[in-house]
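Student: Each chain, written out:
Protein chains: 2
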Amino acid sequence: MTIASAPKKRTRIQAQNEAKIIRAALDVFSTHGYRGSTVDQIADTAGMSKANVLYYFNKKQDIYGAVLARTLDVWLDPLDEMNPDGNPIDELWQYAQRKLQMSREAPRASRLFANEILQGAPVIRSFLHHELKELVHRKCQVMQGWINDGKLAPVTPLHVLFLIWSATQHYADFDPQIQALHDADDNTLYHDAERTLKTILTRGLAP
Amino acid sequence: MTIASAPKKRTRIQAQNEAKIIRAALDVFSTHGYRGSTVDQIADTAGMSKANVLYYFNKKQDIYGAVLARTLDVWLDPLDEMNPDGNPIDELWQYAQRKLQMSREAPRASRLFANEILQGAPVIRSFLHHELKELVHRKCQVMQGWINDGKLAPVTPLHVLFLIWSATQHYADFDPQIQALHDADDNTLYHDAERTLKTILTRGLAP
DNA sequence: TCGTATCTTGACCATACGGTCAACATTTTG
DNA sequence: CAAAATGTTGACCGTATGGTCAAGATACGA
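If you're matching them up, the sequences are chains A and B in order. FYI, in the working numbering the residues of the first sequence are 1 to 207. FYI, in the working numbering the residues of the second sequence are 1 to 207.
It is possible that part of the hints are untrue.
Any copy, or any two copies together, can satisfy a pair, since identical chains are not distinguished.
Stated by the list, open to error - Heads up, simulated DSS-like pairs for lysine-lysine below, C-alpha to C-alpha not over 30 Å straight-line:
1) K198 to K139
2) K59 to K198
3) K198 to K133
4) K151 to K50
5) K151 to K20
6) K50 to K60
7) K139 to K20
8) K198 to K151
Treat the hints as calculated values from the structure; they're not laboratory data. Predicted model only: the values in this text are computed from it and were never measured.
With the sequences and hints as input, model every part of the structure.
Tutor: Below, the structure is given as structure tokens:
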């Protein structure tokens, strides 16, 4: 970041091992939370010694921060794709659909954030208050425009986002509960989830 | 539980202190999770020594179990109140409304469960698979009946419950994120949440 | 091939935490 | 009021955990 800072050449082994650690750390942090995870666990999962893990990331917090940062942009990507010029109902439903798909394919990312926010968002607090707030504000203005044009039911845009987030992430974050209450296989689970969500969202948001 | 077991007379002080500990433990566990909480924290919050806390509850797990059990029935109570003979849309919306109100008034209870389930529901797993599953199954049959009678949109009852749960509990569990993205005061926040949720749910569920 | 930079780890340290215990204090009971 | 039961706590213990370090192994450029 600083001007003309050291080139910081990254060895092949460095990049390789850091990636391995991040992958392992996502596994561990997402299922046990920050305090519930140990560096030993991460080292074991990554297949290396604890000392070596701490050679690449000096502190446990650094590993956590790296995992969080690495996962953040991927997680928020779909929101940016919402097209102001598309059909409002379609755009919102497609966004919800993408989020539901992400909950299914990357449940650990979802749980990582859920844990972080449940603990008071100590690490990403400033990100939420600045970058995310800015992005959300932009998208809410788009939605408000749709409402003003009579293309969307008169709702509060921010809360529509909350509804989409909560409804979709629920399938990743509360998986043990969902598995307990559901008997059939996962295919019908996500199929039914999508159908139900589509019915309620598209009809609920229609002008 | 055993026949003619000891009467187990509970002292005034006993009941009083156990209650004080449970209250403190809900505070601590709900904000830090099980592993993130220490018996010392609970003792401090309760205003007594760690040794005394462990005099009433032998193990940390016992405190956790007690808090969870104590909070469970309160938390699930509204679901039981859904009236099969009422107007389906009204009943579902009133249920959602009660849940939203609970998220506002008892956010710690919500976060306690969120933490427990995120960690894989180690303690309440069996409860989910039996008592809760039974209750949910009954309620889903009622909703299926409504659908068959054409009084409700053709959705999957279980997923409607998931939607109501996630959308309402989100306001308790993800509070830091919500506070970050919201600028006005809490009154308009919950007012807008209720209005938006009502619009989408009632219109989305209408036959 | 040799020397240097990078990598790897077992052993170790300090601290935090769950839990125990013996000694003392308070309340209850007869 | 005295004895018994119940309540309270500081001091202590074993273990787990985050983090350090020195010493050795490996990769890599000249």
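Student: It remains to establish, for every hint, whether it holds in the given structure.
Tutor: Consistency of the hints with the structure:
1. Within a single copy, K198 and K139 get their C-alpha atoms as close as 20 Å, and across copies as close as 22 Å, so both meet the 30 Å cut-off.
2. Proximity of K59 to K198 under the C-alpha cut-off of 30 Å is found in neither arrangement, the shortest distances being 44 Å within a copy and 47 Å between copies.
3. Proximity of K198 and K133 under a CA criterion of 30 Å is satisfied in both settings, with 26 Å inside one chain copy and 25 Å between copies.
4. In this homomeric assembly, K151 and K50 never come within 30 Å of each other (Cα to Cα): the closest approach is 56 Å inside a single copy and 60 Å across copies.
5. Taking the shortest Cα distances, K151 and K20 never come within 30 Å of each other, neither inside one copy (47 Å) nor across copies (53 Å).
6. Proximity of K50 and K60 under a CA criterion of 30 Å is satisfied in both settings, with 11 Å inside one chain copy and 28 Å between copies.
7. Taking the shortest alpha-carbon separations for K139 and K20, neither the intra-copy value of 35 Å nor the inter-copy value of 46 Å comes in at or below 30 Å.
8. Taking CA atoms no more than 30 Å apart as the test, K198 paired with K151 passes in both settings, with 17 Å inside one copy and 19 Å between copies.
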